[in-house]
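There are 2 protein chains.
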Amino acid sequence: MENHSTEETLDPQDWRAMRALGHRMVDDMMNYLQTIREQPAWRPLPPVVKENLKQPLPLTPQGDEKAYQDFLENVLPYPHGNIHPRYWGFVNGTGSALGMLAEMLAATVNSNVGGGDHSAVYVEQQVLAWCKEMLGYAPDASGILVSGGSMANLMGLAIARNALAEFDVRNDGVRAVPGMMTVYCSSEAHSSVQKAVELLGLGRNALRKIPVDRHHRLEVASLEKTLAEDRRAGHVPFCIIGNAGTVNTGAIDPLEALADICQREKLWFHVDGAFGALAALVPAMRTQLAGMQRGDSLAFDLHKWMYLPYEAGCLLVKNKAAHEKAFTVVPTYLAPHDRGLMAGPPWFANYGLQLSRGFRALKIWLAFKSHGIDKFRRLIYQNIRQARYLAQLVEASPELELAAPVPLNIVCFRFISSQLDEDQTNQLNRELMMELHERGIAVPTSTFLHGKYVLRVAITNHRSRREDFEVLVRESIRIGNELLQRLQ
Amino acid sequence: MENHSTEETLDPQDWRAMRALGHRMVDDMMNYLQTIREQPAWRPLPPVVKENLKQPLPLTPQGDEKAYQDFLENVLPYPHGNIHPRYWGFVNGTGSALGMLAEMLAATVNSNVGGGDHSAVYVEQQVLAWCKEMLGYAPDASGILVSGGSMANLMGLAIARNALAEFDVRNDGVRAVPGMMTVYCSSEAHSSVQKAVELLGLGRNALRKIPVDRHHRLEVASLEKTLAEDRRAGHVPFCIIGNAGTVNTGAIDPLEALADICQREKLWFHVDGAFGALAALVPAMRTQLAGMQRGDSLAFDLHKWMYLPYEAGCLLVKNKAAHEKAFTVVPTYLAPHDRGLMAGPPWFANYGLQLSRGFRALKIWLAFKSHGIDKFRRLIYQNIRQARYLAQLVEASPELELAAPVPLNIVCFRFISSQLDEDQTNQLNRELMMELHERGIAVPTSTFLHGKYVLRVAITNHRSRREDFEVLVRESIRIGNELLQRLQ
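Residue numbers (my numbering), protein chains in the order written: chain A, 136 to 623; chain B, 136 to 623.
Please note: incorrect hints may appear among the correct ones.
No copy labels: a pair is met if it fits in one copy or bridges any two.
Calculated pairs, SDA-like style, for lysine to any residue (alpha carbon to alpha carbon, straight line, at most 20 Å) [what the hints assert, rightly or not]:
| no. | residue 1 | residue 2 |
| --- | --- | --- |
| 1 | 510 | 535 |
| 2 | 201 | 574 |
| 3 | 360 | 524 |
| 4 | 344 | 313 |
| 5 | 201 | 508 |
| 6 | 460 | 559 |
| 7 | 460 | 370 |
| 8 | 455 | 573 |
| 9 | 510 | 618 |
| 10 | 189 | 265 |
| 11 | 460 | 211 |
Derived from the structure by calculation, the hints contain no laboratory data.
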């Protein structure tokens, strides 16, 4: 028999040194966050750094210190940027100092929250209960934390699809349904909806993209018409998706009207509230979001407008039985027990795709407790008011044009000049956005609205201040004029 | 206009205090991991703790200190247990001190790795290149990090389904295919395969579960027969799934034979190597795993046998075009640019479900660099030898019976006595497992093999030592005898 002493472990040989490294990291990371405003909003990776990130497979140990040094030199200085006060790209949250520490705690405990009887399961239950309460869902509703909005949308649609009483889609597949199973959303719906419909085997042809009005909200009359046509054609409509905040402009679909149609037509009502759902915390926004709480399922992200680090999405489902029916599988090696680790509340694994699941609930739990929901309410409203402020600044600037209404936290605008035609205007604004990045001034991203290239500012950032938007407007005008002169 | 000074942030008002809290957490977490062996392998949550985890929605701030104190009292003492040296439940990895710090770093940078030009994208590319090299995939193969094996299996099957040349499943759905699209796996395949087939709209009837031999490996003759029958019946076979390590016993399917059949029959070959794939690092295991590298797609987890904290799964795909074809969607607000943040390598979002993606690559990158792959190679082999050692101990004990061969790192056994019939034996072993948990001795879990309830020990734990298995055997016999006496 081998000598036991030859056995090794990943635990540090020198815990004192590991502890010291941990302390150094905490100091470095706190410094980094505390001074992030002094850094450029984005900077390109120099070629040498890209080379440094192409090393051969490390067979022998480099040690913790060396690995960390590489991180400090080649990774840390070139972030995506969403931690920066002047980052408003896509819809990315900021993260926080507490969130960063919470991830360390979660990775220490490293509990698998697929199920079983242990604290992390109860923490997630608690977080879900809080989410239901925040967003107007009943305590007996169901829910689960997921990686993000794409997964939450996929799951909402999967539950809707599997909830059809007449057909056993889980068992017999989509082909058991005699007709195309159609889903309805606005032309502004998120790309993840299309991905979900494709993944579920429905085919993207089954996704009916309904036109929007000039406020980028789904046109109800058009929906009703398409729905009736589809029924006449023998298709099988089963779900309407309402946007609580579209990704392009933050538009909120007429959710009450959609809920009414779903009720009348016996369709599943799924609400994609990836970021917008959380605006419901702000009393002034509740009228616009009315109807959201009538969703049979609601998808939203806590890593967006709750400013938590990735990944933290959530799906709420009104009907617990429908949720269970869509996903429950209990293989023999997971058979429940009365006592011990294999006891505990119903397994989360039966409410989603994942069997092994990380402890993403912890950062949410700690953040809600530490900051209190009133704080988030104020911060979300602050972002909405910042968006309105930016819109005012844009409208007050003859060189800029507001490209869409600002119902929520997204502002689309562009630089304009009578000397430019539409193509040239698109070109200039494209160049303008890249210059804003490259000079490290700010990170808006872009989109197309009615064929126009526009700069898009999505504010889910607790570090932004009003003066940051003043900088954006001032610099957009200055660089826009520079580019205009260069064209002449 | 409002006063700017009313604006607030989640950043700490007192960075010094936040920093001190971070230092305290590092010390507490290091102490916790360093002394984990002195803790019970599992302990139940007292009723008061469950009550403490049912608080009303916190509206007002409790502060970081109070929130952390709650964590220390109500969460930390009641982990799932996979950090403990005598935890061998399900197939959960251990995590590590470095992994825990890495998660803090990743959450600080908080980069969205959906795409764009920033360091985290290059780190993930690097990690994928290393994974390909480790597991015998060519450098031009494709891949992506995902939440875990369930997602990797779903994606592998989605790519296989969408790769069919004759039909455009993404566009027209499953019903465009004239016949049931069938998938083949052994009866021992993981439950996530069934979930995937259901989610993809194929219906679980389309999943052909082929019988296994006495080593729990898929019977090739039976597969060939079913395949031929399905073709005759007009079904459309498109994918065979091979197990590189089944969850019940660690059985490895005849992968070369399956690869040959796929080649001949023009089927996609997906390998579920959730934990077993990484055994290929061990030269002594390569014969058993031969054929794995021929998979059109390979799913495996780095949070299992690489001992990294949750979540870290990976999918490798031989044909990059097929991978892209399955998922690419480019909405207008993600249109690529030449420079700035919206430039960079092909977006990861086009290779999977998620658009926003966390920086899970960092912990892998740091661990590979710091420890070196040779270390993992030795640790994985150590776990395999520990499994063989446990099997020897079981076989040397007349009170215990080895319930399945031990090809890898999983040992199934049970307590036996001539005084018990099969039902009583099942009852006693069920009780035995719960007692082992409740007394905090060790955490095996359980499964059923040929109708027999067995204790199941899956060793993906870098903290386990040989003496830990001696404890398990000794205590199983002792408690088994106690229970036996109680029955009489």
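Inset, instruction - Check residue 360 against residue 524 for me: Cα-Cα at most 20 Å, and say if that holds within a copy, between copies, both or neither. - result: So residue 360 and residue 524 fail the 20 Å test inside a copy (39 Å) and across (70 Å) alike.
Legend entry - Up to 20 Å CA-CA - residue 618 versus residue 510, copy category: Neither way: residue 510 and residue 618 sit 41 Å apart in one copy and 55 Å across, limit 20 Å.
Inset, instruction - State whether the alpha carbon distance between residue 460 and residue 370 is at most 20 Å within one copy, between copies, both, or neither. - result: neither (24 Å within a copy, 27 Å between copies)
Legend entry - Identical-chain pair category, residue 460 with residue 559, by Cα at 20 Å: The answer is neither: 54 Å in one copy and 33 Å across copies each exceed 20 Å.
Inset, instruction - First find the shortest C-alpha distance between residue 510 and residue 535 inside one copy, then the shortest across copies, and answer within, between, both or neither for a cut-off of 20 Å. - result: neither (33 Å within a copy, 59 Å between copies)
Inset, instruction - Go through the copies and call it for residue 455 and residue 573: within, between, both or neither, with a Cα cutoff of 20 Å. - result: Neither, since 49 Å and 31 Å both go past 20 Å.
Inset, instruction - Can you give me the call for residue 344 and residue 313, within, between, both or neither, at a CA distance of at most 20 Å? - result: So residue 344 and residue 313 fail the 20 Å test inside a copy (22 Å) and across (27 Å) alike.
Legend entry - 20 Å Cα threshold - placement of residue 574 relative to residue 201: neither (31 Å within a copy, 42 Å between copies)
Legend entry - Alpha-carbon proximity context of residue 201 and residue 508, limit 20 Å: between (41 Å within a copy, 16 Å between copies)
Legend entry - residue 460 and residue 211: within-copy, between-copy, both or neither at 20 Å Cα: neither (44 Å within a copy, 33 Å between copies)
Inset, instruction - First find the shortest C-alpha distance between residue 189 and residue 265 inside one copy, then the shortest across copies, and answer within, between, both or neither for a cut-off of 20 Å. - result: Answer is between: at 10 Å across copies they meet the 20 Å cutoff, but 44 Å inside does not.
In terms of the numbered hints stated before, the structure departs from hints 1, 2, 3, 4, 6, 7, 8, 9 and 11, listed from lowest to highest.
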